[in-house]
Structure formats: C-alpha cells, structure tokens
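Model the placement of chain B on the given structure of chain A, informed by the hints.
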Amino acid sequence: MLKKGLFKKPQNILEGGTNSRAEIPEELCRKCAECNKMLFLGELKENLNVCDQCGYHFALSARERIFITADKNTFKELFVGIKPKNILDFFEYDKKLSSAVQNSKEEESVICGTCKINKIPVCLFVMEGRFMMGSMGTVTGEKITRLFEYALEKSLPVIGFCVSGGARMQEGILSLMQMTKTSAAVKRHSDGGNLYISVLTNPTTGGVTASFAMEGDIIISEPKALICFAGPRVIEQTIKQQLPKGFQKAEFLIEKGFIDLIVERSKLKDYLFKLLSFHTGAKK
Amino acid sequence: MTEAYEKVQLARHKDRPTAKSYIDNIFKDFTELHGDRRFGDDKAIMAGIAWLDKIAVTVIAIEKGSDLQQRVMRNFGSANPEGYRKAMRHFEQAQKFKRPVVCFVDTPGAFCGIGAEERGQGQAIAESITKMVSLKVPVISIIIGEGGSGGALALASGDEVWMMENSIYSVITPEGCASILWKDTSKVKEAANNLKLTAQDLYNLQVVEKVFSEKLPFEKLCQEIKEQLINTLKNSILLTEKELLDKRYEKFRKIGR
Numbered sequence: 002m003l004k005k006g007l008f009k010k011p012q013n014i015l016e017g018g019t020n021s022r023a024e025i026p027e028e029l030c031r032k033c034a035e036c037n038k039m040l041f042l043g044e045l046k047e048n049l050n051v052c053d054q055c056g057y058h059f060a061l062s063a064r065e066r067i068f069i070t071a072d073k074n075t076f077k078e079l080f081v082g083i084k085p086k087n088i089l090d091f092f093e094y095d096k097k098l099s100s101a102v103q104n105s106k107e108e109e110s111v112i113c114g115t116c117k118i119n120k121i122p123v124c125l126f127v128m129e130g131r132f133m134m135g136s137m138g139t140v141t142g143e144k145i146t147r148l149f150e151y152a153l154e155k156s157l158p159v160i161g162f163c164v165s166g167g168a169r170m171q172e173g174i175l176s177l178m179q180m181t182k183t184s185a186a187v188k189r190h191s192d193g194g195n196l197y198i199s200v201l202t203n204p205t206t207g208g209v210t211a212s213f214a215m216e217g218d219i220i221i222s223e224p225k226a227l228i229c230f231a232g233p234r235v236i237e238q239t240i241k242q243q244l245p246k247g248f249q250k251a252e253f254l255i256e257k258g259f260i261d262l263i264v265e266r267s268k269l270k271d272y273l274f275k276l277l278s279f280h281t282g283a284k285k
Numbered sequence: 054m055t056e057a058y059e060k061v062q063l064a065r066h067k068d069r070p071t072a073k074s075y076i077d078n079i080f081k082d083f084t085e086l087h088g089d090r091r092f093g094d095d096k097a098i099m100a101g102i103a104w105l106d107k108i109a110v111t112v113i114a115i116e117k118g119s120d121l122q123q124r125v126m127r128n129f130g131s132a133n134p135e136g137y138r139k140a141m142r143h144f145e146q147a148q149k150f151k152r153p154v155v156c157f158v159d160t161p162g163a164f165c166g167i168g169a170e171e172r173g174q175g176q177a178i179a180e181s182i183t184k185m186v187s188l189k190v191p192v193i194s195i196i197i198g199e200g201g202s203g204g205a206l207a208l209a210s211g212d213e214v215w216m217m218e219n220s221i222y223s224v225i226t227p228e229g230c231a232s233i234l235w236k237d238t239s240k241v242k243e244a245a246n247n248l249k250l251t252a253q254d255l256y257n258l259q260v261v262e263k264v265f266s267e268k269l270p271f272e273k274l275c276q277e278i279k280e281q282l283i284n285t286l287k288n289s290i291l292l293t294e295k296e297l298l299d300k301r302y303e304k305f306r307k308i309g310r
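Order-wise, the sequence lines are chains A and B. Quick note on numbering: the first sequence equals residues 2 to 285 in this note's numbering. Quick note on numbering: the second sequence equals residues 54 to 310 in this note's numbering.
If we strip away everything but chain A, and leave its shape as in the complex, we get (with noise of 0.2 Å):
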C-alpha cells in the first residue's frame, strides 16, 4: 500500500517546489486575466500586450495605440488643449478630472489626429481608457465630431478605436446630446461618401455603443471584447438570473450579425491597410 502523502506537492520552497516563479518581483510581470499565466511585461509588450499562451487582449494606451497603428513619425493630433470642465458643477468632478489627468496623462478621454496606415492618409481618433473609463463627456463628443468634420471636409477616411464606460453621468444631459452630435457627423461624413471604420476594443459599452461606435461602415472588434448596451451587472441585477457564458463578447456578436470581422491586434494593421486600400484604389 502507498505511504499517504507520497505522492503530495511539496510543502516548501527549500523543498524545491514548482512555485518558484513566486520570487519574481511583482513589476516585473502581470497575471494574465484569463488564464492566469505570470507574463513578464518586456515581452507582453513585445506581443503587443497580448497574453502568448490564451491571447487574451489587455488594454492599450491610446498612445499604445498609435504606436502600433499609424505609420512611424506619421501622426500628427489635432485639437489640443480644448480640456473638460465641471460645467454642471457635480459632485466631486473636479477632483475626478484631475485624478484621470494624472492617470492616463491625457486631457480627455480621446485623441484625434491624422496619420497614414501604409502610406494611406486616414484620420484617427482612439479613445482612452485610462481617462475615467473612456467615458463620453462634451469635450469627447466634440473632438470626435470635429474629426468627422475634418474628415469630410478633406474627404479622408476615419478609423476610430473605442473602448468606453459609455456617456459620463458626471456632465449630465450634456454627454448624452453628445450621442446625437457625434452621429449627426458621422452621417454628414458617410453621405460624403467618405469610408469610416470602427474597432472596438474591450470594454465598449454605452452611450458609445448605441452611437458611433456602432455606426461604421465596417465594424471590427478584437477577440473576446465586451460590447453592450446595459452592462452584464445591471442585466443580471434586472432579470435575477446569472448571464450565458460568453454573453455579449465579441464572438457573441458576430454570430448575432452585429460586427463584421474579429481580428486579433497583430493583424489588425494589415486588415485596416486591406480594407482602406479598397476604398481607396492604393495598390500593394
């Protein structure tokens, strides 16, 4: 008969236990999400933030972002300094303004420029999580509107990445008219017969959701995006009862017919390239 206990893990590191990965400094590597592989962060960044063993998508900067997206010393932002501000003097706005500065670095909650994507001219907007969740607030709304502005008057297609909490309670009625602003340009654009694709990064949710985000010619998502109107919280919270599993990801809604292509991040230049050229007439 075996000795119980023979075949246990052992209890202690001297014991020359598997967990030795244990020692490695805490900044020197993140857990994935999903699979909860230790990745060491030189080379999750090499891979674009993508997790190697499941391909779990982490969040990008919006810098990140361009990085990776627009040709290199290409893009060039428009529309700086225009800052957000406690217009309806809510509650503690102030103070959660400055903490998303000092978060994300940025002044809002997206940037926009112009840059080329193999040397084809496009325009760019890419919001930024970072900044109290992507939220939409006025200023969002109106960069984003002045992009498609742009955009028509230089006839130039738009790319837009989104990721988003939706419109920002904290400007009240103001961030919810921005859904309307932002779609009343898209349309001016789009009836210019002007390409306008958007990418939909995890989370986009919302107000966002239920304006331009959900109103590309194309729509492309990365693998495993949440994309929602309601939130999976506030629905399992409406109807008492725990959501399908892989409810309102991204796979969710290409089988829906909501999106048109699920493209991973290391493609996703390629595929952006592709479908511009298309509209465009550039030959490879």
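Hints are computed from structural coordinates only; laboratory data are not their basis. Bear in mind that the values here come from a model prediction, so they are computed numbers and not experimental data. All C-beta atoms, glycine included, are put in the ideal place defined by N, C-alpha and C. Treat the hints with care, since some could be wrong.
What the hints assert, rightly or not - Mimicking DSSO-like on lysine-lysine, the simulated pairs with C-alpha atoms at most 30 Å apart in a straight line are:
1. Lys96/B x Lys257/A
2. Lys188/A x Lys295/B
3. Lys241/A x Lys225/A
4. Lys96/A x Lys263/B
5. Lys77/A x Lys307/B
6. Lys268/B x Lys106/A
7. Lys38/A x Lys225/A
8. Lys38/A x Lys270/A
9. Lys307/B x Lys84/A
10. Lys107/B x Lys263/B
11. Lys188/A x Lys257/A
12. Lys84/A x Lys32/A
13. Lys188/A x Lys240/B
14. Lys236/B x Lys32/A
15. Lys188/A x Lys151/B
16. Lys96/A x Lys236/B
17. Lys287/B x Lys300/B
To be verified - If you want the ones that stay clear, here's a sample from chain B, every Cβ over 10 Å from chain A, calculated:
18. Phe150
19. Arg172
20. Lys295
What follows is chain B alone, placed relative to chain A:
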C-alpha cells in the same frame, strides 16, 4: 425651488397622463400601424398616422400604459430594439410621403435584458438617432414624463424637444447615479440634484426649446401643445430641406462646443 427628486416622482407618477391621452386630445383619427417587419411588434412603442388639424402627421410614442395590466403589456414603457426599428420604419415613410413627425417620449430607459442585447439594442438606438437627425421632414419630440437616457434620445433627436413642466430627462436614473457614486441608493435626492434633470434645468442648458406649464387642465394643455405644434410645423415647412437639416445639425452641434 422644488427639489429635483420631487420632479422625478411626479414624472413617474402612476396617475400621470400617458402618451395615448395626449394623442387622443391633440390629433384626430390616429390610426396605429404595427410591427417592425423584421422581428415583431413592440408594444412599448406606438406608431401611426393622424391629423393635426389639417396636416397629416406621423406619430410615434413610447406608451407606458395607464393601469397595471396595460403597463405589463407595454413593458412599462421600456422599448426593445424592434420598437426602435418600428419607429425607423415610420421615419422612412414619413420622409417618403413628406409628413412631419411628432414623437412622445416617456420611458425609464431602453429595455435592459438578454433579448434586447441579442437583437442589438445599442445598434438600434444608434441607427434611430442617425435616421432622426437626418430626416428630411420636420420632427418634434415632446417629453411627457420620463426621458430615460439613450432610450429617450433615440426618439428625441429632432428639430425641437419640448418638455412638460414635471417631466425629467437624464443620462442616467438618479438611482443608478447614486449607486455608482455613493454605492448607496438612498442618496437619490443628491443624485437628482446633481444630474440637472428637470425641465427647467434643461431649458436653462438650452437642450430643450419649450416647457409647458401643467397648471392648466389637461384638455387645455393639449390644446396649447396642438397650437404650438401647428405653428412650429408651419414655420418648418417654409424652410428648404437644407435649411431644415442645417438648423437641426446646429441644434446639437452647439451643445458642448
């Protein structure tokens, strides 16, 4: 000043007239036309054609229901994507037959559930907003009770938005706001004050063009709305299509410029 939360309670009051009462008092021969031709017929949104004096108009209304049975049938005025798709079908017909559109808004918000998400609630609202803001005929929305976020905006992206004195219009419910901000739903009053959601607040913020006093008896109020609708539509009809669309674009363009 009346506390904002009192307005919230008034706007949600069970004895408050619903869209049907307004339609019966303002228009003649309202003929309801059902279905979105894609999925089903959402009872939370009523749509049809009616006479506004001598003008044929398309009427689209979120109806909450006036008793419990009705309210259940109407899903308490929370529309599903098929409701907004029904509205869009009527926007298109209105444009084809050059009929102005009048919308009545009274909703706690677009419905939040599995089916609504599966059928693309966000996409339906986005498309409805786009269709409405680019409609080539005049379109006026009247918020008669609750204007709940995107679900209300989907039918309130037209030339003018009017509100009843005791109605509200907000990006989030005060309950939702309180639970996010203070993790405490008992702070609804503070939330309501912060959100600036009363008709008077919204008029001051230049988000709505008219606020109707509810001190008048209901029939008189409807008469007043009817006259204002006729006047406004008559003026809109004088505009060229481009002028109409530019004016509407500017109405939203200026908010947060």
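Checked hints:
Taking the CA atoms of lysine 96/B and lysine 257/A, the gap is near 23 Å; set against the 30 Å cutoff, the hint holds. A threshold of 30 Å between alpha carbons decides the hint, and for lysine 188/A with lysine 295/B the separation of about 15 Å falls inside it, so the pair holds. For a cut-off of 30 Å, the pair hint linking lysine 241/A to lysine 225/A stands: about 24 Å separates their Cα positions. With a CA separation close to 34 Å, the supplied pair lysine 96/A and lysine 263/B exceeds the 30 Å bound.
Taking the CA atoms of lysine 77/A and lysine 307/B, the gap is about 26 Å. The hint holds against a cut of 30 Å. For the proposed pair lysine 268/B and lysine 106/A, the alpha carbon gap of about 51 Å is over 30 Å, so the pair is violated. Simply put, lysine 38/A and lysine 225/A have alpha-carbon atoms about 17 Å apart, close enough for the 30 Å limit, and the pair holds. The hinted pair formed by lysine 38/A and lysine 270/A meets the criterion: a straight-line CA distance of about 27 Å does not exceed 30 Å.
As the CA atoms of lysine 307/B and lysine 84/A are separated by approximately 16 Å, the hinted pair is consistent with the 30 Å bound. For the suggested pair lysine 107/B and lysine 263/B, the alpha carbons sit about 23 Å apart, so the restraint of at most 30 Å is met. Of the pairs offered as hints, the one joining lysine 188/A and lysine 257/A holds, with about 24 Å between alpha carbons and a cut-off of 30 Å not exceeded. At most 30 Å may separate the alpha-carbon atoms for a hinted pair to count; lysine 84/A and lysine 32/A exceed this at roughly 35 Å.
The hinted pair formed by lysine 188/A and lysine 240/B fails the criterion: a straight-line CA distance of about 39 Å is larger than 30 Å. With a CA separation close to 29 Å, the supplied pair lysine 236/B and lysine 32/A stays within the 30 Å bound. The suggested pairing of lysine 188/A with lysine 151/B holds, with an alpha-carbon distance near 21 Å, which does not exceed 30 Å. Only pairs whose Cα atoms come within 30 Å are accepted, and lysine 96/A paired with lysine 236/B is accepted, the gap being roughly 18 Å.
Straight-line distance between C-alpha atoms of lysine 287/B and lysine 300/B comes to about 15 Å, which keeps the hinted pair within the 30 Å bound. Remark: the non-interface label on phenylalanine 150/B is consistent with the geometry, its nearest Cβ contact in chain A lying 22 Å away (cut-off 10 Å). A cut-off of 10 Å between C-beta atoms contradicts the statement that arginine 172/B is not in contact with chain A; the least separation is 8 Å. For lysine 295/B, the non-interface assignment is confirmed: its Cβ lies about 12 Å from the closest Cβ of chain A, beyond the 10 Å cut-off.
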